[in-house]
Every structure is written in structure tokens, then in C-alpha cells.
Amino acid sequence: MSEVKIRSPLLAAGAILLSVALLITGNGLQVMLLPIRGGMEGFSAFQVGLLGSGYFFGFVLGCAFSPLLIIRAGHIRTFAALVSIASAAALGYPLAVDPLTWVLLRMITGFCLAGLYLVVESWLNDQATNETRGALISTYVTVNFTVITLGQMMVTLVRPDSFVLFSIASVLVSLAAVPIVMTRSSQPPPVTIVRFRPRHMFQLSPTGTVSIFLVGVATGSFWSLGPSYANAASGNVTDAALFMSAAVMGGAVLQWPAGKISDTIDRRLVMIGLALLSAVIGAVIMVMPHVTWLWLTLGFAFGAGLLPAYAIVSSHVFDFADRSDYVEISAGLLLLNGLGSTVGPVLTSLTIELFGPGGMFITNGVVMIALIGFVAERLRRREGLPEAEKEHFDLGTAGAVSVVGDEEAVQLSDLVVQEPAA
Numbered sequence: 001m002s003e004v005k006i007r008s009p010l011l012a013a014g015a016i017l018l019s020v021a022l023l024i025t026g027n028g029l030q031v032m033l034l035p036i037r038g039g040m041e042g043f044s045a046f047q048v049g050l051l052g053s054g055y056f057f058g059f060v061l062g063c064a065f066s067p068l069l070i071i072r073a074g075h076i077r078t079f080a081a082l083v084s085i086a087s088a089a090a091l092g093y094p095l096a097v098d099p100l101t102w103v104l105l106r107m108i109t110g111f112c113l114a115g116l117y118l119v120v121e122s123w124l125n126d127q128a129t130n131e132t133r134g135a136l137i138s139t140y141v142t143v144n145f146t147v148i149t150l151g152q153m154m155v156t157l158v159r160p161d162s163f164v165l166f167s168i169a170s171v172l173v174s175l176a177a178v179p180i181v182m183t184r185s186s187q188p189p190p191v192t193i194v195r196f197r198p199r200h201m202f203q204l205s206p207t208g209t210v211s212i213f214l215v216g217v218a219t220g221s222f223w224s225l226g227p228s229y230a231n232a233a234s235g236n237v238t239d240a241a242l243f244m245s246a247a248v249m250g251g252a253v254l255q256w257p258a259g260k261i262s263d264t265i266d267r268r269l270v271m272i273g274l275a276l277l278s279a280v281i282g283a284v285i286m287v288m289p290h291v292t293w294l295w296l297t298l299g300f301a302f303g304a305g306l307l308p309a310y311a312i313v314s315s316h317v318f319d320f321a322d323r324s325d326y327v328e329i330s331a332g333l334l335l336l337n338g339l340g341s342t343v344g345p346v347l348t349s350l351t352i353e354l355f356g357p358g359g360m361f362i363t364n365g366v367v368m369i370a371l372i373g374f375v376a377e378r379l380r381r382r383e384g385l386p387e388a389e390k391e392h393f394d395l396g397t398a399g400a401v402s403v404v405g406d407e408e409a410v411q412l413s414d415l416v417v418q419e420p421a422a
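Each step along the sequence shown adds one to the number in our numbering, with nothing skipped, and position 326 is 326.
A few of these clues could be false.
What follows is a list of derived Cβ distance ranges for each label pair [claimed, not checked]:
(1) Glu353 to Thr101: 20 to 26 Å
(2) Phe46 to Val158: 50 to 56 Å
(3) Val178 to Glu377: 47 to 53 Å
Please keep in mind that the hints were generated in silico from the structure rather than gathered at the bench.
All C-beta atoms in this analysis are idealised placements derived from N, C-alpha and C, irrespective of residue type, glycine included.
Whenever a hint applies, use it, and build me the whole structure from the sequences.
In C-alpha cells:
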């Protein structure tokens with residue numbers, strides 16, 4: 001049967017969004033489950049940190065090589081193959097409880113997720129029109145935040161030391177293939193291979209290039225070691241899941257307001273404000289006694305400072321980029337962020353080994369102070385753009401899409417604000 005272009009982009013995107021929901025729910029469950037289960041199995045903080053680093057390193061490799069898979073096999077076949085591999089990896093953890101094996105499995109999962117995000121986001125952009133793109137991307141980002149929270153909370157369903165939760169994660173990831181494989185909407189055009197030129201990016205925006213790496217260090221540490229900290233601090237898997245979910249919701253709530261504020265003032269001031277909020281709240285969390293409602297409130301505030309930073313930094317870089325370079329810049333930002341996210345969990349795990357679970361916030365504070373110092377120095381050296389010259393912020397302003405569509409025809413709004421979560 002020939003492919004049919006469904007008339008309503010929002011209707012056509014329904015199958016894609018359903019696949020995304022299933023995929024990220026399954027991955028969100030693993031994000032929460034693996035550090036907790038690793039701790040129960042006697043993994044050291046350094047070994048748990050390596051799990052996060054392995055995921056992000058795999059994600060970076062996926063950004064580099066999954067476009068070649070799509071060119072060779074097409075979007076649907078690539079999606080089905082990567083879903084199958086990711087589903088199998090989810091079942092590998094309870095079968096081989098070994099730190100190095102788990103790191104390898106997380107690396108495989110990261111590679112698969114990068115390719116799956118690329119397929120999904122390029123498909124969404126192909127289905128969207130100028131009239132529907134804002135609503136579609138906003139829906140996509142909302143789905144991401146919602147279902148990763150749902151996945152994290154699923155860790156409370158069954159004891160983490162059982163096989164069941166890994167099986168649930170595998171089933172959810174497997175089911176993600178069904179809506180995509182069965183959709184009748186046309187596949188997007190072939191992806192475009194772009195170059196990664198960090199020197200060019202640094203010349204374009206030193207602030208953005210350095211900051212996106214530092215944001216990766218901080219967020220990679222949070223996704224990888226946040227569950228371990230929360231479980232150790234609360235002694236309760238349910239409270240740990242609630243803490244992580246509160247942080248995600250904080251990031252979701254502040255994402256849009258922070259972006260809109262950055263449209264009216266120098267975005268670098270917003271970066272400093274978010275970094276300061278993250279550092280201060282992290283320090284308070286580290287020293288305060290555990291009172292559940294206050295702890296969760298502070299977790300919400302911590303996420304509000306940390307998680308919107310990727311979009312703001314990306315928007316700052318795009319303010320200085322030519323439209324012909326948008327796809328290359330989007331890919332470069334994602335790769336630099338991924339490299340930072342690879343380094344971050346290892347550094348943070350060493351801090352935790354020295355200072356205990358709260359060491360996660362020590363590393364976060366040092367990274368945020370470094371970001372504030374560098375950005376403040378750049379404020380002294382380079383004036384900000386006037387509001388009229390900025391690219392307007394919305395939930396489609398910076399990219400997790402490494403390469404999409406026709407490079408000559410790509411619009412800024414074709415790129416999706418979606419930082420990879422572990």
C-alpha cells in the first residue's frame with residue numbers, strides 16, 4: 001500500500017507522539033531504577049557514575065552514526081531495529097549484574113536513543129506546518145516531561161531487586177515500535193550529514209560553546225546520580241522517585257518563562273540567574289535535614305534552575321548564527337552537551353566518594369560557579385544583542401535534532417529543544 005500524507009499534522013503526529021511516550025516512559029524507568037538497583041548490588045558511586053557516562057557516550061556516538069543508518073535503511077526500519085536493540089538491553093541488566101556489563105548496556109541504550117530521537121523529531125518536523133509547528137513542538141516537549149516523570153514513578157510499583165521492573169521497561173520500549181511501524185503517514189526526507197566544528201562554534205559564541213558543555217556536566221550528573229542521592233538521602237524509593245519527579249516538573253514549569261524573559265533581556269543574565277538558583281538551592285539541599293515536603297519543594301526549585309539552561313544557552317548561540325548554519329549548530333550543541341554529560345557523572349561520582357551522596361551538589365555548585373564566572377567575564381567583553389536582533393524563543397528554538405531535513409531549507413523553528421536525559 002502506498003504511503004498517504006495525512007491531512008492534519010497534529011493527527012498524523014499522534015502515532016509518533018504515542019511512540020515517544022512509550023519509549024521515554026521505558027527509559028525514564030531505567031533512569032530511576034539502575035542507580036538504585038546498582039547501589040543495592042554493591043556498586044560504588046564511581047561505578048554508578050560510569051553508567052551515566054556510558055549512556056551519554058553512547059548517545060554522542062548515536063548522534064554521529066545513526067544518520068548513516070537512516071540513509072541506508074530508512075526511518076521506519078531504523079526505528080524498529082533500534083527499538084529492538086534497546087528493548088533487549090533492558091533485559092540484560094538482571095541477567096548479568098556486573099558494573100562493566102551494565103556500562104556497556106547503557107552505552108548501547110544511549111546509541112539507540114539518539115537514533116530514535118532523530119527519527120521521531122525529523123518525522124515531527126516533516127509533519128508540521130508553520131501554523132502548527134509551535135503547538136506540535138510544545139506538545140512534544142510536554143509529553144517528554146510528563147512521561148519521564150511517569151517512568152520514574154513506576155520504580156515504586158515493585159521492589160527494585162526484582163526482575164519485574166526491567167521487564168516492564170523492556171515491554172514499554174518494545175511497544176514504542178508499533179505506532180511508528182503501523183503509521184500510514186509518509187516518511188520524512190533523508191537526513192543531512194553535517195560537520196562538527198567546535199572551533200567555529202567557539203568563534204561564533206564563546207559563551208554558548210563553553211556554557212553548553214558545562215550545562216552538560218551538571219545535567220549529566222543529575223540524571224545519572226540524582227536517583228542514588230535521593231534514595232540515600234530519603235531511605236525510601238518512593239520519596240526518591242518523588243524528588244526526581246519534582247525536579248523534572250520544576251524544569252518543565254520554568255522552561256517557557258525563562259525563555260520569554262531571555263527574549264527581553266540579555267540571555268547571559270538569564271544563564272547567570274539559572275546557574276545561581278541551581279547552585280544555591282543545591283547547597284541548601286545538601287545541608288538541610290530531611291523533611292519530605294520541604295525537600296521536594298527544594299528539588300522542584302533545583303530542577304527549575306538546572307533543566308531550562310540548555311534551551312537558553314542554545315538560543316543564545318542561535319542569535320549569532322546564520323540560518324545556513326542552523327543544522328550544523330544544532331548538531332554541535334548537542335554533541336558538546338553530550339560530551340559534558342559523559343564527563344560529569346565520573347567527576348561527580350568521585351566527589352560523592354569523598355563527601356557522601358550530597359557531593360553531587362558540590363560538583364554542581366562548582367560547575368555553576370565556573371559558568372557564572374565565565375559568562376560574567378564575557379558580559380564585560382561583549383555587549384548583548386538588542387531585542388530586535390534576537391531569534392524569538394519558543395519550544396522549538398534549539399536542537400536535540402542532530403541533522404534533519406534539507407540543510408538549505410531548514411528553519412530555526414524546525415529544531416527541537418530537547419536535551420537528552422539519561
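Here is how each hint holds up against the structure:
no.	hint	result
1	Glu353 to Thr101: 20 to 26 Å	holds (22 Å)
2	Phe46 to Val158: 50 to 56 Å	violated (28 Å)
3	Val178 to Glu377: 47 to 53 Å	holds (51 Å)
Figure legend: structure checked against the earlier numbered hints; the only hint not met is number 2.
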